[in-house]
Amino acid sequence: MIAGVPTEFTPPGPDSFDLPPIIDGVDWFTKPVLVSALTVVVIVWFYWAASRKSAIVPSRLQFAGELGYNFVRNSMARDAIGSAEYMKYVPYLCGLFYFILLNNVAATIPLVQFPTFSHIGWAYVAAIMTWVIYNAVGIKKHGLWGYFKHQTMPPGVPGWLLPLMIPIEFISNILVRPISLSLRLFANMFAGHILLLVFVLGGEYLVFETGNIALAGVGVVTWLMGLAIAGLELFVQCIQAYIFVVLTAQYIGSAIAEDH
Amino acid sequence: MSEHEDPKPSPPNAGDGWRVLSYLIGGVVLYGGIGFGLDRLLGTQFLLPVGIVLGAGLTVLLLHFRYGSRS
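If you read the sequences in order, they're chains A and B.
Per our numbering, residue 1 is the first one in the first sequence, and the count goes up by one each step.
Per our numbering, residue 261 is the first one in the second sequence, and the count goes up by one each step.
Relax, there's no trap hidden among the hints.
Derived Cβ-Cβ restraints for the label pairs, each shown as a range:
hint, chain 1, residue 1, chain 2, residue 2, range
1, A, 143, B, 309, 37 to 43 Å
2, B, 281, A, 156, 17 to 23 Å
3, B, 281, A, 208, 42 to 48 Å
4, B, 301, A, 34, 49 to 55 Å
5, B, 327, A, 208, 52 to 58 Å
Treat the hints as calculated values from the structure; they're not laboratory data.
On a predicted model such as this, the values are computed, not experimentally measured, just so you know.
Quick reminder that beta carbons are idealized off the backbone N, C-alpha and C, glycines included.
All chains should be modelled from the sequences, with the hints used to inform the complete structure.
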């Protein structure tokens with residue numbers, strides 16, 4: 001420990017994610033609630049404005065809206081679900097993708113800078129919605145018994161191995177999928193945010209609190225690293241939104257696929 | 261509709277890798293869990309690692325049947 005250090009450095013931890021309510025006394029109204037509500041407003045406004053005056057020759061806004069919609073529709077929904085039935089699921093997938101994307105990217109936007117999905121409850125609810133949908137459409141298509149057979153009977157496995165394989169299929173298709181879906185999103189957002197906090201707060205401590213010129217130099221380097229991490233995080237935020245929705249589409253696709 | 265009449269299965273993409281991962285987790289958790297439970301029940305120590313390895317092996321076999329034959 002260096003002599004004359006005024007305060008001990010308190011590293012950021014899970015406590016850093018417990019934000020106080022914005023208005024005193026309204027406990028549920030915290031930053032993630034506000035940010036997610038704003039993203040919903042932005043998404044609804046954007047698609048409403050983009051589709052309000054549909055024209056053969058699209059305006060720039062309409063073009064952007066169609067680009068964003070087509071990305072989800074073609075490269076996620078149609079590829080994973082198949083051209084016969086994918087249109088039904090495009091609204092959910094599109095809404096889900098832009099909701100997760102905007103809430104993730106909010107962690108990079110100045111002044112907002114908080115990833116909603118770093119609170120695991122948000123990720124659980126998104127994963128549960130996906131889980132309910134793919135199981136429900138599967139049961140609707142194959143019937144309850146047929147659906148379980150469809151999800152747990154791996155094709156081409158010799159009969160004597162089936163008793164060993166069916167439990168694996170059941171566990172991974174029915175139980176592990178929603179858990180991994182939510183944990184992947186939550187953990188990436190949580191880890192990215194805490195990494196940024198460590199670099200920024202650590203740098204701030206080194207520069208302002210230590211009173212040591214050499215350590216202040218290290219602090220500046222720390223900030224530069226933090227900037228690089230922020231760039232990486234922006235990439236991770238987009239990838240995680242993409243992965244979540246691609247997997248949702250694939251789960252729906254495999255639930256309603258015909259047996260071969 | 262004619263532009264996307266596509267009878268071939270779609271090529272593997274990022275999602276397939278994550279699905280494979282959830283199979284691996286499922287197999288290891290299931291048979292590792294059975295091994296752990298049997299260890300507790302019988303007072304032995306070796307069944308948890310045996311279960312984990314067995315689960316991983318069976319899952320790889322399962323993945324071979326599920327994804328390997330797609331050519």
